[in-house]
Structure formats: C-alpha cells, structure tokens
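Chains as they are written, first to last, in this note's numbering: chain A, 1 to 330; chain B, 1 to 330.
Please keep in mind that the hints were generated in silico from the structure rather than gathered at the bench. It cannot be assumed that every hint is accurate.
[Stated by the list, open to error] DSSO-like, lysine-lysine: derived pairs with alpha carbons at most 30 Å apart:
| id | chain 1 | residue 1 | chain 2 | residue 2 |
| --- | --- | --- | --- | --- |
| 1 | A | K188 | B | K232 |
| 2 | B | K274 | A | K274 |
| 3 | B | K188 | B | K178 |
There are 2 protein chains.
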Amino acid sequence: MSATKTAKKNDDSSATGNEGTKPNIAFIGLGNMGAPMAENLLKAGYTLSVFDLSDAATQRLQQAGARVADSPKAAAADAQVVISMLPAGKHVHSVYLGKDGSDAADGAATSGLLSDLPKGTLVIDSSTIAAEDARVVADAATKLGVDFLDAPVSGGTGGAIAGSLTFIVGGSAEAFAKAEPILAIMGKNVFHAGDHGAGQVAKICNNMLLGILMAGTAEAISLGVKNGLDPKVLSDIMLQSSGRNWTLEVYNPYPQVMDNVPSSNGYQGGFMSKLMQKDLNLAMKNAQDTEVDTPMGAKAAELYNEHAVEYGDKDFSSIMARHDRSVLPT
Amino acid sequence: MSATKTAKKNDDSSATGNEGTKPNIAFIGLGNMGAPMAENLLKAGYTLSVFDLSDAATQRLQQAGARVADSPKAAAADAQVVISMLPAGKHVHSVYLGKDGSDAADGAATSGLLSDLPKGTLVIDSSTIAAEDARVVADAATKLGVDFLDAPVSGGTGGAIAGSLTFIVGGSAEAFAKAEPILAIMGKNVFHAGDHGAGQVAKICNNMLLGILMAGTAEAISLGVKNGLDPKVLSDIMLQSSGRNWTLEVYNPYPQVMDNVPSSNGYQGGFMSKLMQKDLNLAMKNAQDTEVDTPMGAKAAELYNEHAVEYGDKDFSSIMARHDRSVLPT
Chain A
1 MSATKTAKKN
11 DDSSATGNEG
21 TKPNIAFIGL
31 GNMGAPMAEN
41 LLKAGYTLSV
51 FDLSDAATQR
61 LQQAGARVAD
71 SPKAAAADAQ
81 VVISMLPAGK
91 HVHSVYLGKD
101 GSDAADGAAT
111 SGLLSDLPKG
121 TLVIDSSTIA
131 AEDARVVADA
141 ATKLGVDFLD
151 APVSGGTGGA
161 IAGSLTFIVG
171 GSAEAFAKAE
181 PILAIMGKNV
191 FHAGDHGAGQ
201 VAKICNNMLL
211 GILMAGTAEA
221 ISLGVKNGLD
231 PKVLSDIMLQ
241 SSGRNWTLEV
251 YNPYPQVMDN
261 VPSSNGYQGG
271 FMSKLMQKDL
281 NLAMKNAQDT
291 EVDTPMGAKA
301 AELYNEHAVE
311 YGDKDFSSIM
321 ARHDRSVLPT
Chain B
1 MSATKTAKKN
11 DDSSATGNEG
21 TKPNIAFIGL
31 GNMGAPMAEN
41 LLKAGYTLSV
51 FDLSDAATQR
61 LQQAGARVAD
71 SPKAAAADAQ
81 VVISMLPAGK
91 HVHSVYLGKD
101 GSDAADGAAT
111 SGLLSDLPKG
121 TLVIDSSTIA
131 AEDARVVADA
141 ATKLGVDFLD
151 APVSGGTGGA
161 IAGSLTFIVG
171 GSAEAFAKAE
181 PILAIMGKNV
191 FHAGDHGAGQ
201 VAKICNNMLL
211 GILMAGTAEA
221 ISLGVKNGLD
231 PKVLSDIMLQ
241 SSGRNWTLEV
251 YNPYPQVMDN
261 VPSSNGYQGG
271 FMSKLMQKDL
281 NLAMKNAQDT
291 EVDTPMGAKA
301 AELYNEHAVE
311 YGDKDFSSIM
321 ARHDRSVLPT
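Based on the provided sequences and hints, a complete structural model is requested.
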C-alpha cells in the first residue's frame with residue numbers, strides 16, 4: 001500500500017459534488033490560513049457560507065462573494081460540505097460538539113454543529129490538532145451518519161494563498177474520494193494517510209522530523225563554519241551526499257546560501273518558530289500517550305521551546321541563531 | 001563560492017600525471033576499502049606499489065598486478081603519488097610521522113615516511129580521522145615541500161568496489177587539481193571542501209547530520225506505526241513533504257518499505273552501526289574542541305553509542321530496532 005496522492009487539477013469540472021453539481025460549502029474559521037483557502041474555493045465557483053468571530057475576516061470574504069452567517073449552524077444550514085480551519089483542539093470540539101464537548105468522549109454529540117447536520121454531510125477539519133481530539137469528533141460524527149475527515153495542511157500562508165497546500169487526510173476512502181476534488185482546489189498535493197486521526201498523526205510525524213532536520217542541519221553547518229568551512233561549500237557537499245534533506249534543498253538556515261528563503265531575509269515570513277514549537281509539542285504529547293520513545297524529537301522540542309521564547313515570531317530556520325547570533329539582523 | 005565537484009570521468013586519458021604520463025602510485029592500507037580502491041587504479045592502468053601488514057591483503061593485490069613492498073618507504077621509493085587508507089589517526093601519524101608521531105605536533109617530521117619523500121610528492125590520505133590529526137600531518141608535509149590532501153570517502157565497501165565513492169578533499173587548490181583525475185577513477189563525486197583538514201571536517205559534518213536523519217526518521221516512522229499508520233504510506237507522505245531526507249529517498253530503515261536496502265535484508269551489509277558511532281564521536285570531539293554546541297548530534301551519538309554495544313556489526317539503519325525489536329530477524 002502506498003500513499004494516495006492527488007496532483008492539483010486545473011480542470012475545475014472535476015471539483016464537483018454528486019451528479020456533477022458543485023456542493024454548497026460552509027467554511028468556518030477565516031484566519032490567515034482559512035481566509036485565502038475560502039477565497040480559492042470562491043474563485044473556483046463554489047457557493048460559500050462563512051463564519052468567523054471576527055467581523056473584519058467575514059467582511060473580506062463577503063467582498064469576495066461569500067454569504068456571511070452569524071453562527072456555524074447558520075453557515076451550514078444549506079451546505080453539503082463543512083470545512084473548518086481553527087486554531088486548536090478546543091475550538092474544534094466547541095464548534096462540532098458544543099461547549100461541553102468534553103462530555104462527548106463517549107461519542108454522543110451534545111449541543112454542537114454535528115447534531116444539526118443531515119446524514120451524509122461531509123465535514124473536513126483542516127485544523128492542526130491532536131489525533132485523539134480528531135478521533136473523538138470523528139466518532140461522534142460517524143454515530144450521526146456524518147462523514148468526518150481530519151485534513152491538516154502544510155505549506156503555510158503562502159501555500160494557502162497560492163492554492164498549493166499539502167493536505168494529509170484521515171478518514172474513510174469514500175469520504176476521501178468525495179473531498180479530493182475540493183481539496184485539490186486549495187492544495188497541490190492531497191494524501192490519504194489512513195483512517196480517522198491518521199491525517200493528524202502523519203502531519204505531526206512529518207513536522208517532528210522537519211524540526212529534527214532543521215535543528216540538525218543548523219548545527220552541522222555551524223560546526224563546519226566554526227572549523228573554517230564556507231557555509232555554501234559545505235551545504236553543497238552535504239546536499240549531494242547522505243546528509244541531503246529538505247532544508248538543504250529548499251530552505252537553508254544559513255544566511256545568503258540561498259536566495260528567497262527566510263534566512264536570507266532576516267528570518268521573516270515562512271513558518272514561525274512558535275508554530276514549529278506547537279507541532280513538536282503535539283508530537284511529544286502523542287508519543288507520551290502511545291508510549292513511543294522519541295529522543296531526537298524530544299531534543300528538538302526542547303530546543304524550539306527555548307528558542308520560541310525570544311524568537312517565536314521568526315521563521316523556524318532562525319534556530320541557526322542558537323549557534324551564531326550574528327546571523328540575525330541588527 | 002560553491003563546492004567544486006568532479007563527476008566520474010570514463011576517459012582514462014584524463015587520469016594523467018605531469019606531461020600526460022600516469023604517475024607511479026604507492027598505496028598503503030589494503031583493507032575492505034583500500035584493496036578495491038587500489039584494484040580500480042590498477043584496472044585504469046596505473047603502476048602500483050602496495051603495502052599492508054596483512055600478507056593475505058598484499059597477495060590479493062599482487063595477483064591483480066601490483067608490486068608488493070615490505071614497508072611504506074619501500075612502496076613509495078619510486079612513486080610520485082602516495083595514497084593511504086588506514087583505520088585511525090594513530091596509524092596515519094605512525095606511517096607519515098614515525099612511531100613517535102605525537103612529537104611532530106610542532107610540524108617536524110621525525111622517522112616517518114614524509115621525511116623520505118622527494119619535494120613535490122602528492123600525498124592523499126583517505127582515512128577518516130580527526131581534522132586536527134590531518135592538519136598536523138599536513139603541516140609537517142608542507143614544511144618538507146610535500147603536498148598533502150585529506151580525502152576521506154563516503155560510499156562504503158560497495159562504493160569502493162564499484163568505483164563510485166564520494167571523496168571530500170581538504171588542501172590546496174593546486175594539489176586538488178593534481179589529485180582529481182586519480183580520485184575520479186575510484187569515485188563518482190570529488191569535492192574540494194577547503195584547506196587542510198576541511199575534507200575531514202565536511203565528512204564529519206555530513207555524517208553527523210546523517211546520524212541525526214537516520215535516528216530521527218526511525219522514530220518518526222515508529223510514532224506513526226504505533227498510531228496505526230502503514231509505514232510505507234507514512235514514508236511516501238514524508239518523502240513528498242518537508243520531512244524528505246536521504247534516508248527516506250534511498251535507505252528507509254523500516255523493513256520491506258524499500259527493496260535492496262539493509263532494513264529489508266535483516267540489516268546486513270551497508271554501513272555498520274559501529275562506524276556511524278565512530279564518526280559521531282569524531283564529530284563530538286571536534287565540537288568540543290571548537291566549542292560548538294551540537295545537542296542533536298550529541299543525542300544521536302548517545303543513541304549510537306548505546307545501540308552499537310549490541311548491534312555494532314548491523315547496518316546503522318538498525319537503530320529502528322530501538323523502537324521495535326520485531327524488525328530484527330529472529
């Protein structure tokens with residue numbers, strides 16, 4: 001078995017619901033990620049009802065052609081598909097299961113959105129939350145005949161705007177097949193990782209590994225530079241040797257080795273250290289719960305917890321500054 | 001500045017010494033790596049004098065067409081180029097500086113081979129040793145008018161046999177230019193990393209990073225598998241995402257995800273855990289000497305020091321067994 005991957009389709013006609021018509025979509029959560037994702041669906045011709053607590057956020061989407069609703073339930077009233085992009089597990093539970101979402105651990109939805117949705121509604125939650133939190137909502141949805149997918153993304157705000165996100169999806173093959181054409185509008189790659197929660201698990205595995213790669217690459221370059229090597233020469237050698245990894249390919253943490261990366265721009269933009277910190281801590285929580293020993297991940301989490309205190313808003317490649325403060329802009 | 005890389009040349013005529021004639025080569029150290037390297041030089045038409053303490057090793061090379069000498073000095077008597085492939089820094093010091101090589105820290109060669117070599121001789125040491133040990137020999141050589149290059153390799157015994165090694169070279173540009181056609185016979189990639197010692201530094205930086213990648217990838221896969229994910233599906237997703245690295249590309253540590261890798265063959269062959277341990281400890285020694293903080297490298301070194309006690313002769317991807325003993329053959 002290998003990962004199901006969908007390349008971005010430019011043919012909008014593939015992004016259809018049942019019988020060739022586009023489903024109505026409710027979009028909940030219009031932050032830095034959610035807003036551009038929703039805009040891309042509007043551009044592709046979908047009918048959207050949107051909800052967010054921020055008026056500024058909903059006004060932006062109204063101007064782009066969305067109907068603004070005053071609650072998640074109102075947004076979903078006429079929708080066959082619900083998409084959410086929320087900051088953390090507690091928000092996801094609150095929206096779908098109601099304020100006392102914690103009571104729903106037995107699978108029964110209480111006062112949340114789920115209990116109002118018609119059977120057969122497809123719910124796609126793209127928030128990055130704990131796999132266990134996703135499974136609780138998925139179980140409640142399944143009991144109500146609602147299809148739930150956890151579908152966290154990678155690619156950051158740049159990817160959300162460009163429609164080039166990667167979606168890593170957990171849930172049934174049938175629900176995945178329904179979601180695929182819609183996700184392909186917002187993303188370049190769409191992976192089916194496995195059953196409920198598998199999207200969240202695969203994302204934290206990947207991002208834990210990314211944190212390890214970045215911290216490790218930064219210290220390998222640092223060791224070479226302290227020994228008199230040119231950072232670009234050393235990076236080139238490792239890139240063509242067994243040290244090769246994504247950070248050396250497209251995201252070198254040392255300033256001026258690559259153009260158009262955060263390290264060559266004062267570590268602005270990109271993927272903030274505090275978000276890497278969040279993902280590493282989600283991975284550590286999961287590792288603890290499932291009793292998996294992750295010493296490399298734990299060390300990376302320790303480094304980013306420390307680093308984010310001062311540099312939480314800088315790109316995560318700024319972990320390079322741990323070794324050499326002079327890489328930071330003055 | 002970027003790394004100088006030489007792709008393997010199939011045109012033997014390029015592998016020439018001065019004025020288009022092939023130099024005579026003395027080859028010292030005919031172990032698992034040195035013997036096939038020397039054989040590839042013989043096949044390319046070089047005249048070789050060889051030395052090793054083992055009679056079995058020298059007999060093998062004699063059959064392949066080499067002249068066998070009874071000492072390093074005798075091997076080098078008529079050579080314009082000396083190549084050595086020895087187990088550790090103490091052997092390199094002993095051969096080049098003499099038995100009390102430690103006295104040569106002031107740069108004066110004592111009773112070793114260096115003091116017998118004519119000015120202009122090119123010495124290429126392909127042993128993996130501490131950068132500082134290489135610099136001591138290089139300094140002594142320079143004072144005697146001998147060109148010294150540290151040129152450690154990666155690619156293992158398979159690469160040595162196939163002539164597809166990677167050479168990472170430290171020393172002057174002039175000496176590098178002289179060595180390049182000879183190294184291109186034994187290797188696929190030849191990098192000039194910088195001045196004396198830079199080859200050793202770049203190699204330990206790369207191999208430290210490789211140890212981090214392997215240990216990190218093993219635990220990321222382990223975390224996914226414990227959460228119910230298929231190791232191949234998860235590997236595919238990470239390979240196409242920001243967790244991508246050399247181990248996922250060509251050397252997956254989980255059994256049966258890839259064909260023709262040690263993990264699918266009981267972790268036999270490949271690059272032994274005890275050799276990764278050696279390289280990580282060389283990196284840690286250097287980091288300590290140069291006061292570079294390498295927490296990820298230190299954690300990887302700790303894991304391989306522990307792992308090599310029981311699995312030193314298994315391939316280094318067997319670090320996977322730390323998480324799941326069932327991956328090992330019974």
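Note to self: So, against the hints stated earlier in the document, which numbers end up violated here?
What the structure shows: 2
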